[in-house]
Structures are given as structure tokens and as C-alpha cells.
Amino acid sequence: MRVFIAAFIPQEIKFEIGRYVDEIKSHWEGVKWESYEKLHVTLKFLGEVEESKVEEIGNNIREAASIYSPFDMEIARFGGFPNLKNPRVLFIGLTGDQELLKLQSEIEERLEGLGFTKDDRSFFPHITVGRIRGKARLKGSFPVPRRIPFFISEIAVMKSVLNPGGSKYAPISVFQLDKLGEE
Numbered sequence: 036m037r038v039f040i041a042a043f044i045p046q047e048i049k050f051e052i053g054r055y056v057d058e059i060k061s062h063w064e065g066v067k068w069e070s071y072e073k074l075h076v077t078l079k080f081l082g083e084v085e086e087s088k089v090e091e092i093g094n095n096i097r098e099a100a101s102i103y104s105p106f107d108m109e110i111a112r113f114g115g116f117p118n119l120k121n122p123r124v125l126f127i128g129l130t131g132d133q134e135l136l137k138l139q140s141e142i143e144e145r146l147e148g149l150g151f152t153k154d155d156r157s158f159f160p161h162i163t164v165g166r167i168r169g170k171a172r173l174k175g176s177f178p179v180p181r182r183i184p185f186f187i188s189e190i191a192v193m194k195s196v197l198n199p200g201g202s203k204y205a206p207i208s209v210f211q212l213d214k215l216g217e218e
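If you read the sequence shown in our numbering, its first letter stands for residue 36, the second for the next number, and so on.
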């Protein structure tokens with residue numbers, strides 16, 4: 036099964052991002068926009084994983100979640116990978132608590148210990164909102180997203196099921212960020 040590790044974002048932030056995407060859709064051609072339900076922050080994409088390894092992955096993510104408190108984040112900007120002139124992915128970039136970067140690095144280390152390749156790219160916290168297969172075309176300018184603060188308090192081991200109409204995501208295990216010994 037296709038597996039990734041995600042940080043969940045609050046429903047009200049999903050709603051705000053959905054509102055923003057609806058506002059800018061008319062400015063773009065050639066984009067397949069992500070559905071509201073699928074919005075999240077990818078912490079690590081694992082790809083195809085044997086079902087027998089999923090429990091061990093979950094145990095490692097549970098341990099990592101237990102030593103971190105919720106993160107204060109903020110919607111920062113709209114962007115594209117590799118850039119907005121020739122994007123393959125459109126995203127909402129996030130800024131905020133550096134602890135999220137530490138958690139992502141810890142997840143990389145723990146999963147490398149299970150045989151997964153460590154990503155050599157720097158982690159950039161973002162929420163993917165659109166994907167481009169061919170060439171996207173930008174028509175005019177569009178507004179920037181509002182800077183909105185929020186908390187990330189849950190991470191999950193997720194599965195991605197590919198269908199003719201696109202992928203569907205489902206949580207396998209969900210963990211609260213809950214630093215032990217703090218109340």
C-alpha cells in the first residue's frame with residue numbers, strides 16, 4: 036500500500052484554504068485542484084510499503100508524537116514547485132514553530148532506521164492545493180492568502196489509494212502531539 040506521514044490541519048483552516056483556492060481558480064488553467072478533504076502537511080512520503088511494516092511505522096510515529104507539543108503555525112504565502120513560472124505543484128506555504136522541523140527530522144531519522152531512504156531535500160512546510168500535468172497558464176494576478184495562525188496537534192500514518200478519478204487518503208493511525216509529563 037502507498038503510505039505517507041501527515042500533519043493534520045484544523046477544519047477551519049481547510050475551509051479558509053478552500054475559500055482562497057475557489058477565489059484564485061479562475062486565474063489558472065491546466066490545474067487539477069486538490070479537494071478540501073485531502074488538505075494536510077506531508078511530513079514524509081514512504082511510497083509502497085508492505086503491510087507487515089505498517090505497525091512498526093506507526094509505533095515509531097507514536098513515539099515521536101509523544102515527545103512534541105502542538106505547533107503554532109501560520110498561513111504565509113502561495114507558491115509553486117519548482118517555481119510559479121513553471122509549476123508542477125501549487126501550495127500554501129506555512130511559517131511558525133521550528134519544532135515542526137525538528138519533528139519532521141526525527142521522523143526521517145526513525146524511518147531511515149526502518150530502511151526508508153532519507154530525503155536529501157530540505158523540508159519546507161506546505162499544503163499542496165493543486166497539481167499540474169502539462170503546462171499551467173496564469174491569467175492575470177490574484178490575491179495573496181490571508182495570514183492566519185493555527186495549531187497542528189495531530190499527525191498520522193496515512194494510506195493513499197489511487198483511483199481513476201484521483202487518489203483517496205485514509206488514516207491508518209492518528210496520534211496526538213502530547214509531550215509526556217506536561218499538562
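A couple of the hints might just be wrong.
[Stated by the list, open to error] When the alpha-carbon atoms are kept at most 25 Å apart in a straight line, the in silico BS3-like pairs for lysine-lysine are as follows:
no.: 1; residue 1: Lys153; residue 2: Lys194
no.: 2; residue 1: Lys194; residue 2: Lys120
no.: 3; residue 1: Lys49; residue 2: Lys60
no.: 4; residue 1: Lys153; residue 2: Lys49
no.: 5; residue 1: Lys73; residue 2: Lys60
no.: 6; residue 1: Lys137; residue 2: Lys88
no.: 7; residue 1: Lys88; residue 2: Lys174
no.: 8; residue 1: Lys137; residue 2: Lys60
no.: 9; residue 1: Lys153; residue 2: Lys60
no.: 10; residue 1: Lys67; residue 2: Lys170
no.: 11; residue 1: Lys60; residue 2: Lys214
no.: 12; residue 1: Lys174; residue 2: Lys67
no.: 13; residue 1: Lys73; residue 2: Lys194
no.: 14; residue 1: Lys170; residue 2: Lys88
no.: 15; residue 1: Lys73; residue 2: Lys49
no.: 16; residue 1: Lys214; residue 2: Lys67
no.: 17; residue 1: Lys120; residue 2: Lys203
no.: 18; residue 1: Lys49; residue 2: Lys203
no.: 19; residue 1: Lys194; residue 2: Lys137
no.: 20; residue 1: Lys137; residue 2: Lys153
no.: 21; residue 1: Lys67; residue 2: Lys137
no.: 22; residue 1: Lys120; residue 2: Lys170
no.: 23; residue 1: Lys194; residue 2: Lys88
no.: 24; residue 1: Lys153; residue 2: Lys67
no.: 25; residue 1: Lys174; residue 2: Lys194
no.: 26; residue 1: Lys203; residue 2: Lys137
These aren't lab readings, by the way, just hints derived from the structure by calculation.
These figures come from a predicted structure and were not determined experimentally.
Run the structure past the numbered hints and jot down the numbers of the failing ones, going up.
2, 4, 7, 8, 9, 11, 14, 16, 17, 21, 24, 25, 26
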